[in-house]
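This is what each chain is made of:
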Amino acid sequence: MGLNLLWLVPALPLLGAIVNGVGAGKIPRKIVSAIGVGSVGLALLVAIGCWGDLLSMPPEARRFVQGLFTWVRSGDFQAEVRFALDPLGAVMMLVVTGVGFLIHVYSTGYMGHEKAYGRYFSYLNLFTFSMLTLVLADNFLLMFLGWEGVGLCSYLLIGFWYQRPAAVEAGKKAFVVNRIGDWGFLLGIFLIFVNFGTLDFATVFAQAPQRLAVGSAVATTIALLLFLGATGKSAQLPLYVWLPDAMEGPTPVSALIHAATMVTAGVYMVARCHVLYLLAPAALQVVAIVGAATALFAATIGLVQNDIKRVLAYSTISQLGYMFLGCGVGAFASGIFHLMTHAFFKALLFLGAGSVIHALSGEQDMSRMGGLKSALPRTHLTFLVGTLAIAGIVPFAGFFSKDEILYNAWLRGGPVLWSAGVLGAFLTAFYMFRLYFRTFRGPSRVTEEAKHHLHESPSSMTVPLMVLALLSLVGGFVQIPLMAGGQRFDRFLEPVFADAARVAGAEAQAHAGAGAEVMLMVISLAVALAGIFVAYRFYIADPELPVRLAERARGLYRLLFHKYWVDELYDSAVVQPIYRGSVGLWQRFDAAVIDGIVNGVGKQIERGSGLLRQAQVGYVQVYALLITLGAVVVVGYLALR
Amino acid sequence: MAGQTIPLEYYQLVAALLFTIGVVGVLVRRSALVIFMSIELMLNAVNLSLVAFSRLHAQMDGQIIVFFVMSVAAAEVAVGLAILVAIFRNRETASVDEVHLLKG
Chain V
0 MGLNLLWLVP ALPLLGAIVN GVGAGKIPRK IVSAIGVGSV GLALLVAIGC
50 WGDLLSMPPE ARRFVQGLFT WVRSGDFQAE VRFALDPLGA VMMLVVTGVG
100 FLIHVYSTGY MGHEKAYGRY FSYLNLFTFS MLTLVLADNF LLMFLGWEGV
150 GLCSYLLIGF WYQRPAAVEA GKKAFVVNRI GDWGFLLGIF LIFVNFGTLD
200 FATVFAQAPQ RLAVGSAVAT TIALLLFLGA TGKSAQLPLY VWLPDAMEGP
250 TPVSALIHAA TMVTAGVYMV ARCHVLYLLA PAALQVVAIV GAATALFAAT
300 IGLVQNDIKR VLAYSTISQL GYMFLGCGVG AFASGIFHLM THAFFKALLF
350 LGAGSVIHAL SGEQDMSRMG GLKSALPRTH LTFLVGTLAI AGIVPFAGFF
400 SKDEILYNAW LRGGPVLWSA GVLGAFLTAF YMFRLYFRTF RGPSRVTEEA
450 KHHLHESPSS MTVPLMVLAL LSLVGGFVQI PLMAGGQRFD RFLEPVFADA
500 ARVAGAEAQA HAGAGAEVML MVISLAVALA GIFVAYRFYI ADPELPVRLA
550 ERARGLYRLL FHKYWVDELY DSAVVQPIYR GSVGLWQRFD AAVIDGIVNG
600 VGKQIERGSG LLRQAQVGYV QVYALLITLG AVVVVGYLAL R
Chain W
0 MAGQTIPLEY YQLVAALLFT IGVVGVLVRR SALVIFMSIE LMLNAVNLSL
50 VAFSRLHAQM DGQIIVFFVM SVAAAEVAVG LAILVAIFRN RETASVDEVH
100 LLKG
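In order, the protein sequences belong to chains V and W. Reading the first sequence from the start, the letters are residues 0 to 640 in numbering that gives the first Met the number 0. Reading the second sequence from the start, the letters are residues 0 to 103 in numbering that gives the first Met the number 0.
Calculated directly from the structure, the hints in this document are not laboratory data. Here a beta-carbon is modelled for each residue, glycine too, at the ideal position from N, C-alpha and C. Possibly wrong hints are sitting among the right ones.
To give an idea of the interface, some chain W residues facing chain V are shown, with a C-beta separation under 10 Å as derived from the structure [claimed, not checked]:
#1 V25
#2 L26
#3 V27
#4 R28
#5 R29
#6 L32
#7 I63
#8 V95
#9 D96
When you get a sec, could you build the whole thing from the sequences and use the hints?
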């Protein structure tokens, strides 16, 4: 197919977004679907072709750059619109177009009754374009364009049902919280430009080891500022608060943006900038600690939530924490691997949840579900695959990726980070099977009215579920450790992270040996099985047990149920002071000083005009007299001087 | 012509006097008709000085210009008086103070 078609990968969804956006409400639904799904489908085909071409190149030379045009030229500064494809970008590109395509197909079923169908697909395509720009960009500025683009689309799609105040609030919250992270990201970019004089990835990363000393203040500052951006976009502590609220958007949107692609932007960015992070071990330590803390923190909240989508939202935050933990201990390939498998099973889980919600006419509360196994056989089966994958049961994809992160955490991060990860894995298995048991097993608690409409979803929704279930099942096989010729995924990414190994030096080469690896693998598997067993005890064998436990540990339950009161804390510590300060500024400064200046100038001019107006009497002869006197003065002056 | 001629200053003096009378007339009189007549005075003052200079320099240019001035003045009076008659028919006045439509 030729790598020269690379530019089509982002361009096709952009075209779809423009056509569907301009023609929203005028184009018939079938054509909207064809454009929306077709543009991403074609992009997927082109992406696969480009990937094939990349594979045919020798591993060290696997980097293709395609410059389109100069975007900004100002003095010494120059930024190109230029796409680069390397193994890391290829993985991201395939995940975005592949999972994105399935979600587009699913959307034609899920959003079939929606009035603003064209607007929806326009936003969805625009999002795909932004994300592809982000992952294919060859410099920080173009990456930032994609970065902001996904933020914008996230805002538009969370607030898609803008008639609902909660959706509008959630969209606003996501936008503002992301803006805080973007502030850090932008400062990081400025600092890079100041130090390197360019924003090109290739130049910056090539010069970084010479220009910045390991552990230097500049390198650490850059890395931490970039990571602040990542915590915003990838919903990590302390900026994770927007993601659970983002569940106000349509469910396929939650799957696409808040599970599979957009939130992975931060992880991708950290992996892309790994050279900078390796020069700043302190920052890398921060990444690992924040990741592990988030993984554990979000998992505990997920234990007690009742909204099916909110549980998944917290599990997303938790899984993203694992990815950062992987990156933070220097195992960037493992982080990206978990990103990929997570994209499969989290999209599957969200779409499965969407199918359940669709079947129950919009019900999201798990206390009004249960026993849906027989009514929704396909959804049930695929959902079970996703649940097993995220819980980390062999041989599903999540097992391989999570195990690898935990292995690396043990090897390079130490026992504390590893224990946090393992505890998080136990909680993950527990709350995911809690979700599964309460939704699909046990007695039915579905309301009579919802029971009336109960139906399995159309094939446009179940086929993507099955494809994703297949990917969740086999997605991990590319990375089977310990086997001859194994770890193909690592080796595919090796050229990207090769310089990482060089910079990190020998310490990254540590290896625990096969015995320890198997040992750790068994532990993480046992932990996951224990989580499932506890969930079974709690929700199937003895359904009264959770209630009794919640009674006994009332304080803890309330703490978790109210999400540690973080939203309330932020509201009183950040939002309210800013709000009150703004009101004060408005009433004191704006109304008194600014308005005073503006109105004062107007009043003074009016008064001055009133005085000058006296000279204008309106009698032509007076004017003529004044003209004559003027002439006499001028002539007199010329004559007498 | 023989021997005694009137000096230039005399012409100039009369012309200046006529012009000043015209200017004052324009400035102080209210009647549009009188203002017209004052303007005619000013034009004729200029004519007088043109003829005087023409004679002094023994050239015909000044005298020719005087003819132009007179014909233009005649045309102007024709138009001006027509306007004046029209105003008088509508307003029953020829006072300029009462036709100051430009004042808001």
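Violating hint indices (sorted, rising): Per hint list: 6 and 7 violated.
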